[in-house]
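Can you build the whole structure from these sequences, using the hints too?
Residue 75 in the working numbering sits at position 7 of the sequence shown; the count goes up by one each step and never skips.
Incorrect hints may appear among the rest.
To be verified - Straight-line alpha carbon distances no greater than 25 Å define the calculated DSS-like cross-link-like pairs of lysine-lysine that follow: (1) Lys225 with Lys242; (2) Lys260 with Lys242; (3) Lys167 with Lys137; (4) Lys211 with Lys167; (5) Lys211 with Lys242.
Simulated from the structure, these hints should not be mistaken for laboratory data.
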Amino acid sequence: MVRSVLDVPHIDWHFTGSGWPEPALHVDDKDLPEFYRSMDYILVPALIEGGPMSVLEALASGVEVIAPKVGWVPDFPHIEFALGDPVSLRQVLEELVAKRFALRESVMAMTWENWALHHDALFTSLLSSHNYIAGHHAVPTSKVRSAALITHGIEDKTLGGPSVRVPGTVRALKTMNVDAHAVYNNSPVISKVDVVHSFNVWLPRTALSLPLNSRTVPHWLIG
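Written out as structure tokens, the structure reads:
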């Protein structure tokens, strides 16, 4: 039965013990937890069983079990296929593969390229709505020579998100000959640069204090 489903795409098979259609591994007892945790699923294709122990071992390692109603399998969480039925097993495997790909597909559009394109469209729309495009005012075309990238809250002490992206962006801007600064909250430097970019959604009071506390308003304020 296992041999008949080896052709299901996008599955890497690993066998232990003997009697399988492909070469198998010998895994020492002490290495079993690590082996189980390295798997996405454990398949139990047994036709007659009192257990099997692999069901308990897999679940104890936090790994899902694919198995028919055999032995004590019905007493524990499992993904079920019909006993001895390769068609049923194939259907289950294909559904699991499809589910994994659906998870991947749900975030495929979340790329830096799309992030930049959507922000460009947003800023263009905002400029247009304020008559900066094809209206009374011209969009400044002078080269940006300096920029301040601002974080807030606890992001001067924690790692992740802007606290990682901001320094990386500053380094990238400097390679483009932009005098970029990573600053925290209302630093005096924001009155001396061409562009200020405040990262994340700030609380309204904090967001408003950024331009209000600056005596010299930067050319562009991006939030």
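Hints and how they fare:
1. Taking the CA atoms of Lys225 and Lys242, the gap is about 24 Å. The hint holds against a cut of 25 Å.
2. Our distance criterion of 25 Å between C-alpha atoms is met by Lys260 and Lys242, whose separation comes to about 17 Å.
3. For the hint pairing Lys167 with Lys137, the CA-to-CA distance comes to about 23 Å; that is within 25 Å, so the pair holds.
4. Restraint check: the Cα-Cα separation between Lys211 and Lys167 comes to about 48 Å, which exceeds 25 Å; the hinted pair is violated.
5. Pair hint Lys211 plus Lys242 holds up; C-alpha atoms about 14 Å apart against a cutoff of 25 Å.
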